[in-house]
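Chain by chain, the residues:
4 protein chains.
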Amino acid sequence: MSEQYSGVVLGVGPERGLGAMLAKHFASKGLHVFIAGRSEDKLNLVADSIRNSGGATTVIVADATKEYDVSHLFAVIQKRGLPLHIAAYNVDSNIPSPLLETKTETFTTLWQQNCLGAFLFAKETIASMKPNQQGTLFFTGATASLRAKPPFTAFASAKAALRALAQGLAREFSPKGIHVVHAIIDGVINGDRAEQQFSEYYKSKGEEGLLKLEAIAETYWSIHCQHPSAWTHEFDLRPFKEPF
Amino acid sequence: MSEQYSGVVLGVGPERGLGAMLAKHFASKGLHVFIAGRSEDKLNLVADSIRNSGGATTVIVADATKEYDVSHLFAVIQKRGLPLHIAAYNVDSNIPSPLLETKTETFTTLWQQNCLGAFLFAKETIASMKPNQQGTLFFTGATASLRAKPPFTAFASAKAALRALAQGLAREFSPKGIHVVHAIIDGVINGDRAEQQFSEYYKSKGEEGLLKLEAIAETYWSIHCQHPSAWTHEFDLRPFKEPF
Amino acid sequence: MSEQYSGVVLGVGPERGLGAMLAKHFASKGLHVFIAGRSEDKLNLVADSIRNSGGATTVIVADATKEYDVSHLFAVIQKRGLPLHIAAYNVDSNIPSPLLETKTETFTTLWQQNCLGAFLFAKETIASMKPNQQGTLFFTGATASLRAKPPFTAFASAKAALRALAQGLAREFSPKGIHVVHAIIDGVINGDRAEQQFSEYYKSKGEEGLLKLEAIAETYWSIHCQHPSAWTHEFDLRPFKEPF
Amino acid sequence: MSEQYSGVVLGVGPERGLGAMLAKHFASKGLHVFIAGRSEDKLNLVADSIRNSGGATTVIVADATKEYDVSHLFAVIQKRGLPLHIAAYNVDSNIPSPLLETKTETFTTLWQQNCLGAFLFAKETIASMKPNQQGTLFFTGATASLRAKPPFTAFASAKAALRALAQGLAREFSPKGIHVVHAIIDGVINGDRAEQQFSEYYKSKGEEGLLKLEAIAETYWSIHCQHPSAWTHEFDLRPFKEPF
Chain A
727 MSEQYSGVVL GVGPERGLGA MLAKHFASKG LHVFIAGRSE DKLNLVADSI
777 RNSGGATTVI VADATKEYDV SHLFAVIQKR GLPLHIAAYN VDSNIPSPLL
827 ETKTETFTTL WQQNCLGAFL FAKETIASMK PNQQGTLFFT GATASLRAKP
877 PFTAFASAKA ALRALAQGLA REFSPKGIHV VHAIIDGVIN GDRAEQQFSE
927 YYKSKGEEGL LKLEAIAETY WSIHCQHPSA WTHEFDLRPF KEPF
Chain B
727 MSEQYSGVVL GVGPERGLGA MLAKHFASKG LHVFIAGRSE DKLNLVADSI
777 RNSGGATTVI VADATKEYDV SHLFAVIQKR GLPLHIAAYN VDSNIPSPLL
827 ETKTETFTTL WQQNCLGAFL FAKETIASMK PNQQGTLFFT GATASLRAKP
877 PFTAFASAKA ALRALAQGLA REFSPKGIHV VHAIIDGVIN GDRAEQQFSE
927 YYKSKGEEGL LKLEAIAETY WSIHCQHPSA WTHEFDLRPF KEPF
Chain C
727 MSEQYSGVVL GVGPERGLGA MLAKHFASKG LHVFIAGRSE DKLNLVADSI
777 RNSGGATTVI VADATKEYDV SHLFAVIQKR GLPLHIAAYN VDSNIPSPLL
827 ETKTETFTTL WQQNCLGAFL FAKETIASMK PNQQGTLFFT GATASLRAKP
877 PFTAFASAKA ALRALAQGLA REFSPKGIHV VHAIIDGVIN GDRAEQQFSE
927 YYKSKGEEGL LKLEAIAETY WSIHCQHPSA WTHEFDLRPF KEPF
Chain D
727 MSEQYSGVVL GVGPERGLGA MLAKHFASKG LHVFIAGRSE DKLNLVADSI
777 RNSGGATTVI VADATKEYDV SHLFAVIQKR GLPLHIAAYN VDSNIPSPLL
827 ETKTETFTTL WQQNCLGAFL FAKETIASMK PNQQGTLFFT GATASLRAKP
877 PFTAFASAKA ALRALAQGLA REFSPKGIHV VHAIIDGVIN GDRAEQQFSE
927 YYKSKGEEGL LKLEAIAETY WSIHCQHPSA WTHEFDLRPF KEPF
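Residue numbers (my numbering), protein chains in the order written: chain A, 727 to 970; chain B, 727 to 970; chain C, 727 to 970; chain D, 727 to 970.
Since the hints were derived computationally from the structure, they do not count as laboratory data. Possibly wrong hints are sitting among the right ones.
Same chains, same names: a pair is fine if it fits in one copy or spans any two.
Unchecked claim - Derived pair list, reagent style BS3-like, types lysine-lysine, alpha-carbon separation capped at 30 Å:
1) K856 x K755
2) K829 x K938
3) K929 x K856
4) K875 x K805
5) K929 x K755
6) K931 x K805
7) K875 x K931
8) K967 x K792
9) K792 x K931
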């Protein structure tokens, strides 16, 4: 299949992670996928996996919170010359902490990673998509986007900021043909990050209590495929066993 | 294709309407679809259309607010013996009215049609689906499900009641394998009802400002197809041009 | 103190209950308070208590769900000739039940008591207050107004309907000088009803975990006293120890 | 009256502004009020006004977004030795801007002023109040706290972050006796800032369409006076004529 369109995922980490899965899924649909994240090693593993399945991808090392890096990422995309059809901001960093023990740096970093990076990414994405009046821009939210519970207050504050950003973008750019979507991932993803960062909690869920990466990616894709006469701007995703 | 599964839509009216389109869509996927509504004539037109496209359907005249009718509908479904895979409660009645001019009967009827009927339908649907621990149950909500604005206060009150019902059902029955979904249709549907009931408003939207029936049905279907590890319980749908 | 204004509380039950406390509080501020509920015995006890404290009150037996009763209540108020300054709809009935065991009658009754009665009461209240372009209309909501959790789905559906009604009324009548307020009582009230209906749960809260009746009434009154340039339309109330 | 308790307002600007009015109101109740903001001139005018009315106040020049300044503010408070009973974070900065024209610096500054400063202020306030297990901590929110509309997306994102912070704080510290409150000011305040920053809009509202400073302060105070058995954690305030 000759490449005609491109996609980009910022926030690609471990191969068994949502960023990687979104990239693979988009590549499997024939898009040239630009994958970006902080670890070149991890990106290369994901790129290998995409190429082994016959997909096309370009690796760009980038820190989502650095304006220069995000600019550079889109300069690379631009140079390739394929219209950008799908973009996913998938950075999701969470550091639980009682409020009085939360350092200013932690509070700031969580906001920068979950929200400021999304702002930088959104500006570039929209500037790319606007001339064609089409494309889908995804943001990955969480349970905490809707409810702030300690010890996740700093994370919830950052995710609420992201959700409002997504909503404002949807209101501003949907009429211009850009589909802005906020996904609320309510539960624990069956991936490396949760397994390592919240291992007890992860195990307590059991396999049926975890979100499967493929299942999430399929819904993102079906939302991307929606006709503009009936666009979804926000949806939740949770395992059937998840209490909510 | 031999029929193996069934679906049901309660609230099927004009052929150019959401109930009819959901029924056609489900039938096109190979389900035997039970279609129910108050007007036998309208149901028969929809049934003809389904059959002309090679689909299988059964017509049942039913008033969603009458317990006997809803019971009877499910007795017919039961008798056919096909496992029920999808059920959509699509009754959506709206009578705008300044509050002081709203009659008790109007206030009550709107609740009965938008919410009580949904309760009756849900009980039967869940009783049918529970033994198999699978199936999807849709409720059709509206902008007013989230915001009550005059002169739509009575409608909004009924739709908010429906939304809470759907949420309680999702919490109670998702862990038992039944996928309960609340769709927020935020905008005007390109169908007979809006064209007739709110014709000025309908026209003012222009074709690009209306929700296409096929597009709505496709999203319902893709939500139905979700893997249980990542279920959506609520999503919005609006035309890209719709202010919100 | 000569009586100049009146107030009304519909949903007055046991003396140690919110309806009774609101009535006493309003009477202590010099209003002639009309108290209404289904039990004449209970109303008389509350009336005695008001009069013993030097307050003025009139008892009217009324079922909030009966249009005739609500009409009659306001006919009595009207006859007295005192401008109506405050009105509280305090009917709050809750029957927990798994959804499949919830009878149609139960589902309907909860809606009638929590929402339909509020609609009837609101119409009469607004008709009374509108000529003077002033007055406050309170609705008592609950945790469930915002979240539907089994086995409280039917209750939550009714309370969500009430909340939307209150919101629509606030939007329609605030610009006409009528202050419409929805109170979200999030927790267990230190009163007879919770003690009897949910006694285990009630005890588990401990005294510090319960809402004090006087404290609730004081906030209602301070909201009533707000200047129209800064009106509250919704607020929550919960014990400081209440998890939420 | 001998001073026994203190209060603090961070975000005191023009004398005809909410920060100044809160400070005056708290001082009129007998608290020694620490007033902080960036402009020493403005602070001195407010301090004169407080002292002329017989109140006690201390001026501290502080930039809410600077950790050192906030620390220093609380060191001054601490030194005075009066138990801190009330604290209000009133910084509210808004720069409307279409998203593609919004600079990274603007997006960041709005977050720092509306949210990061609140985090710094909250940590110090809670550390002060916690030993006494009492005190009220207010955050001033806005319409945008709940809805992100262009060209206010950056502002809305920052205010949503603040709201989530307030909610997480309420959940963490209410059980420890600290009353955390998020006020949603939905409308235009009758003060210098709106008159200068949004003068056309301000004028279009007419006097009846603006929030009066005194009225806001009175509600803050009555919420502060609530008994801990029935605390409000969030409330809205809007002029009776304000559409919402």
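Hint-by-hint comparison with the structure:
1. K856 x K755: within (22 Å within a copy, 36 Å between copies)
2. K829 x K938: neither (33 Å within a copy, 37 Å between copies)
3. K929 x K856: Classified as between: cross-chain Cα gap 28 Å, same-chain 44 Å, threshold 30 Å.
4. K875 x K805: So K875 and K805 fail the 30 Å test inside a copy (44 Å) and across (33 Å) alike.
5. K929 x K755: Classified as neither; 33 Å inside a copy, 38 Å across copies.
6. K931 x K805: neither (44 Å within a copy, 39 Å between copies)
7. K875 x K931: Both. Shortest intra-copy (19 Å) and inter-copy (21 Å) distances satisfy the 30 Å Cα cut-off.
8. K967 x K792: neither (38 Å within a copy, 33 Å between copies)
9. K792 x K931: Result: close neither inside a copy nor across copies, 35 Å intra and 42 Å inter.
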